[in-house]
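S.K.: We have chain A; now place chain B onto it with these hints.
Respectively, the protein sequence lines represent chains A and B.
Using my numbering, you'd call the opening residue of the first sequence number 1 and step up by one each time.
Using my numbering, you'd call the opening residue of the second sequence number 1 and step up by one each time.
Keep in mind the hints are simulated off the structure, nothing from the lab.
Take these hints with a grain of salt, some might be off.
[Unchecked claim] Estimated spans, in silico, between C-beta atoms of each pair: (1) B:297 with A:272: 52 to 62 Å; (2) A:437 with B:94: 23 to 33 Å; (3) B:63 with A:463: 25 to 35 Å.
All C-beta atoms, glycine included, are put in the ideal place defined by N, C-alpha and C.
Protein chains: 2
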Amino acid sequence: MLSKEILKQLIDIVGQENAITDKVDLLTYSYDSTADVPTETPDVVLAPANTAQVSEIVKIAAAHKIPIYTRGSGTNLSGGTIPLKKGIVLSMRKMNQIKQVDAENLVAIVEPGVVIQDLNNAVAPHGLIYPPDPGTVATATMGGSVAENSGGLRGLKYGVTKHYVMGMEVVLSNGDIVRVGGKTVKNVTGYDLAMLFTGSEGTLAIITEITVKLMPAPQFKKSFLAIFKTLEDAGNTVSQIVENKVIPATLEIMDNATIRTVENFAKVGLPVEAAALLLIEVDGLEEVVKRDAEVVKQVVIKNNGELKVAETEDERATLWAARRAALPALASLNNTTVLEDATVPRSQVTAMLVACQELGKKYNLTIGTFGHAGDGNLHPTILCDSKNADEMSRVHKAVDELFEIAVNMGGTLSGEHGIGMAKMKYLELEFGPTGVDLLRRVKEALDPDYILNPGKMVPLKGE
Amino acid sequence: MLSKEILKQLIDIVGQENAITDKVDLLTYSYDSTADVPTETPDVVLAPANTAQVSEIVKIAAAHKIPIYTRGSGTNLSGGTIPLKKGIVLSMRKMNQIKQVDAENLVAIVEPGVVIQDLNNAVAPHGLIYPPDPGTVATATMGGSVAENSGGLRGLKYGVTKHYVMGMEVVLSNGDIVRVGGKTVKNVTGYDLAMLFTGSEGTLAIITEITVKLMPAPQFKKSFLAIFKTLEDAGNTVSQIVENKVIPATLEIMDNATIRTVENFAKVGLPVEAAALLLIEVDGLEEVVKRDAEVVKQVVIKNNGELKVAETEDERATLWAARRAALPALASLNNTTVLEDATVPRSQVTAMLVACQELGKKYNLTIGTFGHAGDGNLHPTILCDSKNADEMSRVHKAVDELFEIAVNMGGTLSGEHGIGMAKMKYLELEFGPTGVDLLRRVKEALDPDYILNPGKMVPLKGE
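Isolated chain A, as found in the complex:
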C-alpha cells in the first residue's frame, strides 16, 4: 500500500478528477482481455494529461520504487496491463490528441491514447491509411499497440506495427524525457531505440508520443471466400498463392470448429460442413486486383476449393464481419477462452493446423483455430471452464505442447499478443538461458529497479 502522503503527491499531479482510488473502481483495472492469468488491483489509477505529468509521476515512483503499469484500452491478450505488484496504473486514455497529420511527408504524430481507428479516420480525407490492423482496431490505443508491436489482418502484405513506427517520445524509468527517431524514412543515428521500445510491453519506458508512417490508401479491393474439404487443401492454397507472387492484403483461415461456431452465432451463411475456409482480400490498382484475383482463383481451384467472390460492398462486409465474429463467437461457448498466437513459417501452416486438431483430441479439449494464415500466425482457441481444475490442467498441458511444436517448426511463442505474464515461462524454449539473460540485461540497463510493468516480459529481479 502506498502511504497517504505519496498517494496525495501522485494525485496532486493529475488532479483528483483524474485519479481513481475507490476499491470498486480499482477492481476494473485488475484484469484485461487475457484469460487464465492472475489478477490484482492497483493502489491508484492516474490519468495524466501530458508528458510533463507522466515524468513527474515516474520521478515519485522511482524515488519510492513503486510499480507503474501503463494501460491503454486493456485489450491486451497476455496479461500485459495487469498490476501484478500493485502500485500505479497509468491510464493513457486522456492523452488522446492527434497532434499532426503531415500528408506531405506521409507521417502522423499522435499521443498514445489515440484509438487506432480514430487515426485512420483522421488520415482518410488525405487518401492515406495507417496499415496495422489488429482485431481490436476500433478499441485499442496507439500506445498499447506500439508497446505490443501488434499485428493483425494485414501483416502479410503491409507488415506489423513496427514497420510503421518512425519515432517516439518516451519517459524513462527515472522520469527523464527522451525523443528517438523522427520524421525521416532513413535514420541511423544511435541505436534504434524506437524499435527497441516497440514491442517492449511498457517494461523499458513509457511512450508519450508516437510518429508513424502512413501510406496511400489502396484504390480497389476484392474479397473472396474459399471453401475446402480438407485442412491440407486450405494450407496448400495459402502457400501457393504466395509462391505465385501474389501477396494478398489479408489471408485468413477458419477451421471447422470455428466455422460452425461463427455460423451458429452470426447466421451469415457459412458452409458448416467445410473443413476449412480461407478469407482472402487483394488490393491495389484495379488492374493489379484483377490479375491477383485471377491467380487466387486458379490456385483455389487447383487445390479442390470452391471460390465465392464478394460482388458487392455488402457481401464484402458480411465476409469480414464473419471473420471478426470468430473470437466472440468462440468465446460465447464457455466461460474461459484461452487464445494463443504461436506463429510458424507460412510453409508450416498446414502442419500447425493439423497439430492443433490433434492436441484437441489428445487432451479432450474443444479447440477452434482461426487466424492469419498468410503470416503463419494462427489463433488456436481453447474453450474451457476455469472452474474445472481437471480440464484446466489438460489445457495447460496442451498449451505447453503447442509452444514446443511451434518453436520446433522454426516458429515463435507469440506472433502478436506479446509475452506479458502469460508466456514468460516459455521464453527459454525460444531464447535459451543465454538469450533470456540478454533480455534481462537490456531490462536492467533501462529499468534497474523493475518499476516499469514489473513481472512482464522478463521475470522479476532474482526470479
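M.R.: Just chain B now, kept in the frame of chain A:
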C-alpha cells in the same frame, strides 16, 4: 600490442592462412572509405570460418579486454571499421555462404560475408529480390550492411535494411552465441533484439548469420530524367509526386555542380546548364507503371521541368550509370571527399538543397549535392584537400553548421552512413545528454568492457 602467446592462441583458432600479422598487409586494414578520420593499424586480422571460431576469438578477447573490429568489405563511410584502439580486425569475408533461399516463405539465410549483389543473384531465379540497394551493392557485405542499417536508392518505396531483417545469430561480447527472431513475419517474443543489433555498427554484438525477407521482383520498370532550371522546381516536384500518391522506387537528385562533374567524368550527355536533375524510376505491374509514369509527367511539367523517358534498357542503364558515377566523379576532383548524409523530412528537401549551396558560398568550398531526394537523404559532398589546413578548418565549420541545419529541420545526423567515429561528437545535437546517456547504458549492458568496435557510435568509457 598483443603478447606473442595471445597472438598464437588467436591465430591457432583460424589457422595461419587466415591470419594477417605482416605490418604492410595490416596497413590495408587501417582505413575504410571514410575521408578525414584518424586511421590505425590492428595487431592482427583474423578471418574466421564459422560461428564457433568467432565465439572462441571473442572469449579470448573478452578475457584480455582486446578490442575487436568486425569488418566486411570496408565500404563504410563513417570510420566504422577503423581499428582505432588496435587489437583484432575480424574479417567476415570467409563466412560468405548463402545458407538457404526459402522461396516458399520469401526468406533467405546468409552468412555475414555474403556480398549483397550475390544474394540478389541467388534469389533472382526464384523471381525474388532483396530490395535494400546501397550504392555499394556490388561490393558491400550483408553483415556490414545490416550492422549499418544501410539505405540506398530504393528507400522511399521499399524501406531500408531493417525492414528486411527478420532474425539473426550473434556472438555476444562474452563469446556466448544467441539467436534472435526467425522466419516468421510476426514475432513479438522478447525485446526486438534483431532490430537493436541492426544498425548498431558492431558495437553490441557480432553478427554471424542473418535471416532476411525477400520480395517478388517488380515486373516492369520505367526510368525518367527530369531537368529543372531551379532547385526549387526540382524540390517541389519531389514532394508533389508523393503527394499525388505515387511512390517511385527511386527518386534521386543531382545539383548543378554534380551534373557538370558527372558529365565531365562520364560524358553521358547530361544537360550541364540545368540547376538540378531528378532521376526517377517507377516499378510494378505494367498498368501501375503506366499510371505512375503519367502522374510523374504531369508533376514535372507543372513544375517547369523537361522530361526525358528512357525508352530502351540501354537508355535506362546509362541514366543509372550517370547516377552511380556521381560520387566517383566528384571524388576525382580533389584528394579528399567529405561525403555527408544528413537527412531531412521530404518536405524540407528544397530548403536543404539551398542550404548546402549557401554553405558552399559562405565557407568558400566546392560542394556538390546529390542523393536520395525521395527520402530527404541528400549527400552534400565537399571536395577539398586534406593537406590544406585552412580549407579543412572551413570544411569542419561547414559540416558543423550542416548538422545543426538538418536537426533544426526535424532531420537526423545520418540517414544511412552511420555514426561511427565521424559523427559521434554531434550525437547530443539530436539526442540531448539524456539520450546519449541512454545509448551508453545500452552499450554497457551488452558490452561492459567496450571490446566491440570501441570508439564508435558511443564515446569510449569515461570519455
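S.K.: Can the suggested window of 25 to 35 Å be confirmed for the beta-carbon pair residue 63 (chain B) and residue 463 (chain A)?
M.R.: Holds, since residue 63 (chain B) and residue 463 (chain A) (Cβ atoms, about 30 Å apart) stay within the stated range.
S.K.: Please check whether residue 297 (chain B) and residue 272 (chain A) have a Cβ separation lying inside 52 to 62 Å.
M.R.: Given range 52 to 62 Å: holds, Cβ gap about 54 Å.
S.K.: Using the beta carbons of residue 437 (chain A) and residue 94 (chain B), state whether their distance is inside 23 to 33 Å or not.
M.R.: At roughly 30 Å between Cβ atoms, residue 94 (chain B) and residue 437 (chain A) fall inside 23 to 33 Å, so the hint holds.
Checked against the numbered hints given earlier, this structure breaks none of them.
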